[in-house]
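Sequences listed follow chains A, B, C, D, E and F, in order.
Note that the UniProt record's numbering gives residue 88 to position 88 of the first sequence, counting from 1, and the numbers run on in steps of one.
Note that the UniProt record's numbering gives residue 68 to position 68 of the second sequence, counting from 1, and the numbers run on in steps of one.
Note that the UniProt record's numbering gives residue 187 to position 187 of the third sequence, counting from 1, and the numbers run on in steps of one.
Note that the UniProt record's numbering gives residue 271 to position 271 of the fourth sequence, counting from 1, and the numbers run on in steps of one.
Note that the UniProt record's numbering gives residue 195 to position 195 of the fifth sequence, counting from 1, and the numbers run on in steps of one.
Note that the UniProt record's numbering gives residue 224 to position 224 of the sixth sequence, counting from 1, and the numbers run on in steps of one.
If you're looking for bench data, these hints aren't it; they were derived computationally from the structure.
As the structure is a computational prediction, the values presented were derived from the model and not from experiment.
Each hint should be verified, as a subset may be incorrect.
Which copy? The list can't say, so a pair holds if one copy fits it or any two copies do.
[Stated by the list, open to error] Restricting the straight-line Cα-Cα distance to at most 20 angstroms, the calculated cross-link-like pairs of lysine to any residue (SDA-like) are:
hint : residue 1 : residue 2
1    : K200      : L161
2    : K125      : K200
3    : K86       : G146
4    : K70       : D102
5    : K2        : S18
6    : K86       : D4
7    : K254      : R64
8    : K70       : K184
6 protein chains.
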Amino acid sequence: MKFDEAYSGNVFIKSHPSFEESEAVIYGMPMDWTVSYRPGSRFGPARIREVSIGLEEYSLYLDRELEEVKYYDAGDIPLPFGNPQKSIEMIEEFVDQVLAADKFPLGMGGEHLVSWPVMKAMYKKYPDLAIIHMDAHTDLRDHYEGEPLSHSTPIKKVCELIGPTNVYSFGIRSGMKEEFQWAKEVGMHISPFEVLEPLKEVLPKLAGRPVYVTIDIDVLDPAHAPGTGTVDAGGITSRELLASIHAIAKSDIKVVGCDLVEVAPIYDNSEQTVNTASKLIREMILGWVQKK
Amino acid sequence: MKFDEAYSGNVFIKSHPSFEESEAVIYGMPMDWTVSYRPGSRFGPARIREVSIGLEEYSLYLDRELEEVKYYDAGDIPLPFGNPQKSIEMIEEFVDQVLAADKFPLGMGGEHLVSWPVMKAMYKKYPDLAIIHMDAHTDLRDHYEGEPLSHSTPIKKVCELIGPTNVYSFGIRSGMKEEFQWAKEVGMHISPFEVLEPLKEVLPKLAGRPVYVTIDIDVLDPAHAPGTGTVDAGGITSRELLASIHAIAKSDIKVVGCDLVEVAPIYDNSEQTVNTASKLIREMILGWVQKK
Amino acid sequence: MKFDEAYSGNVFIKSHPSFEESEAVIYGMPMDWTVSYRPGSRFGPARIREVSIGLEEYSLYLDRELEEVKYYDAGDIPLPFGNPQKSIEMIEEFVDQVLAADKFPLGMGGEHLVSWPVMKAMYKKYPDLAIIHMDAHTDLRDHYEGEPLSHSTPIKKVCELIGPTNVYSFGIRSGMKEEFQWAKEVGMHISPFEVLEPLKEVLPKLAGRPVYVTIDIDVLDPAHAPGTGTVDAGGITSRELLASIHAIAKSDIKVVGCDLVEVAPIYDNSEQTVNTASKLIREMILGWVQKK
Amino acid sequence: MKFDEAYSGNVFIKSHPSFEESEAVIYGMPMDWTVSYRPGSRFGPARIREVSIGLEEYSLYLDRELEEVKYYDAGDIPLPFGNPQKSIEMIEEFVDQVLAADKFPLGMGGEHLVSWPVMKAMYKKYPDLAIIHMDAHTDLRDHYEGEPLSHSTPIKKVCELIGPTNVYSFGIRSGMKEEFQWAKEVGMHISPFEVLEPLKEVLPKLAGRPVYVTIDIDVLDPAHAPGTGTVDAGGITSRELLASIHAIAKSDIKVVGCDLVEVAPIYDNSEQTVNTASKLIREMILGWVQKK
Amino acid sequence: MKFDEAYSGNVFIKSHPSFEESEAVIYGMPMDWTVSYRPGSRFGPARIREVSIGLEEYSLYLDRELEEVKYYDAGDIPLPFGNPQKSIEMIEEFVDQVLAADKFPLGMGGEHLVSWPVMKAMYKKYPDLAIIHMDAHTDLRDHYEGEPLSHSTPIKKVCELIGPTNVYSFGIRSGMKEEFQWAKEVGMHISPFEVLEPLKEVLPKLAGRPVYVTIDIDVLDPAHAPGTGTVDAGGITSRELLASIHAIAKSDIKVVGCDLVEVAPIYDNSEQTVNTASKLIREMILGWVQKK
Amino acid sequence: MKFDEAYSGNVFIKSHPSFEESEAVIYGMPMDWTVSYRPGSRFGPARIREVSIGLEEYSLYLDRELEEVKYYDAGDIPLPFGNPQKSIEMIEEFVDQVLAADKFPLGMGGEHLVSWPVMKAMYKKYPDLAIIHMDAHTDLRDHYEGEPLSHSTPIKKVCELIGPTNVYSFGIRSGMKEEFQWAKEVGMHISPFEVLEPLKEVLPKLAGRPVYVTIDIDVLDPAHAPGTGTVDAGGITSRELLASIHAIAKSDIKVVGCDLVEVAPIYDNSEQTVNTASKLIREMILGWVQKK
Ligand SMILES: [Mn+2]
Ligand SMILES: [Mn+2]
Ligand SMILES: [Mn+2]
Ligand SMILES: [Mn+2]
Ligand SMILES: [Mn+2]
Ligand SMILES: [Mn+2]
Ligand SMILES: [Mn+2]
Ligand SMILES: [Mn+2]
Ligand SMILES: [Mn+2]
Ligand SMILES: [Mn+2]
Ligand SMILES: [Mn+2]
Ligand SMILES: [Mn+2]
């Protein structure tokens, strides 16, 4: 007496009912309490799942179908409202479990701070970890007006954890002067404005390494992703982002986990951004999960 | 590895995980293909569930909590797009099963035509059935521009099935002249404009009888329910509708099933209507389920 | 090879194709260039027509059908953008023609300044004219920041033209202190906050007189008419406004023309206001046209 | 006593008042009852006409003005809600009449299924017909969850009618694996992702042949056309679509009819899509009508 | 070279330029990080100021003009994103300063938690303080899913600080069963559903006492205030809320400060709620400031 | 007792508090009364300031920070509603004062007609003035349906004032045939469709000359700027517009003033356009102010 959950919009389309049998785990991190501008990304994961039923199950780009990969959708982690510290602890603990079960974690934000505990967990398992980061923003602050737990700090934190030379940012078009100077001084990679072309140059250097990919949807131009907290003109097209996902899929790196963050449905008037996010996740599943 | 479904927004808040153990069954009928004006109610059930997590579990009106009733949320019936005939067959078959298991059916629309197969199924089980119908519209047409399967016909159909004197409409403010004339001629009850006061007069007459209650959200004034296909000024307040639900709860009728239809989220810009619908359903559960 | 225009949404539903044979003329005055707050009412008339196809042709309130009245929809007067002086001249000239043909003028705004030239034209034909004005605002300014052609001045202008004791305002809840003082001094009637009850008291005094009725949609509470330039809390319900229209219909005054103004679709997110406006116009047609 | 209809927004701007004297006929097909995702395209034709008054009458691209072509706007065919079978019969019958009068049919949808009866009518007149199809989707299904009358089937139907080698699809980025395989097997042309460049290669092959062009607005990227039922990231720009229209205009094919479908205003929050659609139609009129 | 700030929308209309010369201080508390449902109230204060320029400066209800009261608009307190503890400390410190200067504090939220530090500061100055609280919700939780700093806790906190018998809640229609039980046990006043009538009974009991009034905009029905985080059907009208403000103004209590919270512009599609909030604040200024 | 105005959203971010000490003056021209299609740009300047607080103060494009330039934000000129003649006189007078104080004027519209009085003022100071104009539209009409004061006329007016060979238009894709013919005949420069490449060719020719740059936001494609009165498909990306601003910054022309007009927030559903406009203005400040 229950209709097929795989097409209900309650889980990402075609999700597998068994955690144990799955290769990957999709999960939501519905947190937006530290954002400095427009909140609302807490509702991102639920809406991405909801519209995923409009997706075709086949990718013409990768010539693969969703039934070729088994993934389980665990739902949204019930994070405590207004408590960033406890929230990131819960996220880290959850991802630890996913990794302990040897599954591929695919997270949906929520604000970008949620990627910090995920990357911490990844690093515990993969000491040789590298990060590919696509974003309009550096996210290299030490704190935002005094707050170290801020959506503008996760990349700085991971640089300090795994070493800045292991972190590669693409599509960056905004940040403080100091952030760019710091990145230059410590040898962290930042490709301004562009994603696809510089990514193609970086990928061979990372061949064979375990890589976590974190995508802030605002790397897209506002024309392609109005539904996010901090829109920033001059970004890339969804076509370039799709091609970048495919470039990673065809490279020799080992993708060991990934996330897509900062989707804020309340600013997404025609549901354009959540539909695009759901297509991106399909391509991430089809292109990355079995590359581990 | 799955977070508590009862608070996920995937089911109506606090839904019980077991069909067998439940007294009532909630189900969605995501159909809007015959509407003559604005479509979109197919997305009503999913959004009502989604926002139900914002509800308190306690009703100050009825001094009851949701945990006092066990109800199962079966999800949305996967109706075939653009095929009204097959859709109503599937709905009838589903409700037959619910009734066979002796559960209370609580349906969410979808356009009002979905109530027709439900009422047919109810009548098979309850030959003494009466209908309470709250709506801005008569819904007494034989057909709409030639189409007998139309959201403007379900009340006419049920009148013909169970006899017009067993059907009681409230809050009606729009219809064709012929519809009102027909109702008068055949002795069907129509209370124009008002719901609560005439309902209080009718309820004693129905004492002890099995009654199915069908609520078209557009019985509310557009100020209270903008998110519906056919807004019609001059309606009642949500306060009056809540009080009407409570009047039924405190009456001596036996409510044997109910529905809430015509919630169309795309026209519900601030999510006002879906939030109101979800509160109405909480009150219907707490007030009506155990009255059978 | 043209589908029935009466149900096309291009004219008010059921409009008669012949000007000559009609008793009344509907026309739009798409002007919003002097509004001090939010523009957009230029698109009001077109949208009211468009949604009028969703109306029932029968009024349960008045037990009449639209086919009992012949009215012609002339479309929108092509007013020159940004030129209030020329605009009001064109409106006056148009209404002069309507009146010369002995038709009942039913205008749709546009900002409230459009009523000024209409009332001027009416007065030329009906020297004994009285005005019934429903509005949240006094509209009794001499000028707005120096501009005498402003949406906040039409009632002052008509008071000066026909004498303030012939002007009756209802539902007023906002204005300058000086406006209320002036009204009091010169004996103009203002009913604050309420419409229906004070109207019932005034109507007998106007028995037999020719009356022009001008309705600013913002007399409704913002809950009932969000789609207007200047929303003002504490207003009346659409139910009270409908009842007021009906009270006039049942009174002994001679309605010789009317308008409904300040409908601004861009602020009308769920099309609630334009749908309400279209129902109001149906009632004005059915209740007032043949009272001349 | 009627203002110039050509600039009223009731017809496409500058439409000619006489069917007989016109070379082309514009008509709306307001049907959306079989769509599997978001309905609402029934309101597309009316809104495209409404905003067409904001267009310049001159095309800088083609150096032509609208007055150089005579076209008649017949309005919207009054299709029966929820009845796809009868709807497509009415459409075919209407287009038969247009073709019998030797006019160029220019249709506006409505969902893509409306193109099927049009193409059927075209084929009766032009046995050598070829189809140019621009879309994000293959539309090559036999049925959608059991329904053969679905917006995802029209291209399959026309392939079967006129032979798949006479059908050329461009811009396709979504579909089932089986659809692409079928196309390959039967020799139907599909250009994935791109429109302009592959079109330039195909056009010479079609020189001299009668061609019907059907454009699904979702061939545009969601950034360029959010107002449609099924947005799909990774599409083309409006610039590329305009250039594609111009490439056809400058080619040696004989365009014998065309349509633009799937414009859904309710998802078009800033009216961007309807404005773009209206510009596209201007270019289709100026570039294609006299190429017959 | 600066245009008159009093009419700029940057301050509440007609604000006085001098803090020292003013009787009252308006300030914003742009915090929404602990809300459990829909965030966005951080933008409430700025939007209320912005639309305040559309207000008349005269109140017909109170027959007073804004120039009769001197009030200074201090702007928004720059609260640290995502840090509730530090935020409430900053608010308390700010209000301490306002009170030290013997000014009347009029705060704008932001989520309801912001009222907690304000009430703490008030109590330090007024040991005999009573609280009038208008809200749909009890706000009597000890914590929300473990978080004591939550928008659902401020009334519980102030009850514990000043004693529950000094706190009067009105209009309450939602809460946990335990909250209502606790209120009953400790003798705290809760008027369910209604505001005006029970308030009129309470006011004489508070005659002569210093009272802080905290208004959660969601005490209004969603029809009257869609732009808030937690809409809850069955609320009061803006007319009743205006009358309640006036009842307090005409009573013998000493209003020593007040706030209006939970206005969330992103859900306020037609700017209805912010316009209503700005009118409410005008009435609070005119009715309450000089009652100290 | 006032929080830092530079980050309040009341002025453009980081504005300097002193007119005298500043190099540039930002000012709003909130006028939209002559627009022929969709009004609403009167609210553009206020919203651009409001969202400017979301900007980074550093430009990665120009490697400069806002603190390197001193600019004063004078607020919005209080223009008289519905009176274009008086409005343009007030604008000219204001800019005269700015120029008399030897400041760089940076104006925000409002409709494009506001640029006309600014350019008049500029020409009085700079007899050798040239104009760079970026727009979708020619704006070369003599009048719009009889009105010489129209948003479609400012470029014609300035051509007549300073000579058409001194005016350079870029990105133009719409206009009347006569406008293009006139431009050609009199030797005015129009680059159709493109901005960046033709601009690079023109800039060397203008080396050393004083140039006023006027940008109509609708030069952007609707995908990049939905929030404007007259969206027109086929435009440039925000990336191309940013690059064009930077090309001017790096050229040898002397920019002596500039404006950005036609931003209409009511059509800007996700605040995409105002955020883009605010970024453009940051680049104009950093790139152009000290080039005088
Ligand atoms: Mn980020
Ligand atoms: Mn970012
Ligand atoms: Mn109904
Ligand atoms: Mn109904
Ligand atoms: Mn008025
Ligand atoms: Mn008014
Ligand atoms: Mn298609
Ligand atoms: Mn398609
Ligand atoms: Mn509260
Ligand atoms: Mn509350
Ligand atoms: Mn322009
Ligand atoms: Mn332009």
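Checked hints:
1. K200 / L161: For K200 and L161, the Cα distance exceeds 20 angstroms both inside one copy (25 angstroms) and across copies (46 angstroms).
2. K125 / K200: neither (26 angstroms within a copy, 52 angstroms between copies)
3. K86 / G146: Cα proximity of K86 and G146: in one copy and across copies (18 angstroms, 10 angstroms).
4. K70 / D102: within (13 angstroms within a copy, 37 angstroms between copies)
5. K2 / S18: This pair counts as both: shortest intra-copy Cα distance 16 angstroms, inter-copy 10 angstroms.
6. K86 / D4: For K86 and D4, only the inter-copy Cα distance (19 angstroms) is at most 20 angstroms; the intra-copy one is 35 angstroms.
7. K254 / R64: within (19 angstroms within a copy, 39 angstroms between copies)
8. K70 / K184: For K70 and K184, the Cα distance exceeds 20 angstroms both inside one copy (41 angstroms) and across copies (29 angstroms).
Checked against the numbered hints given earlier, the structure breaks hints 1, 2 and 8 and satisfies all the rest.
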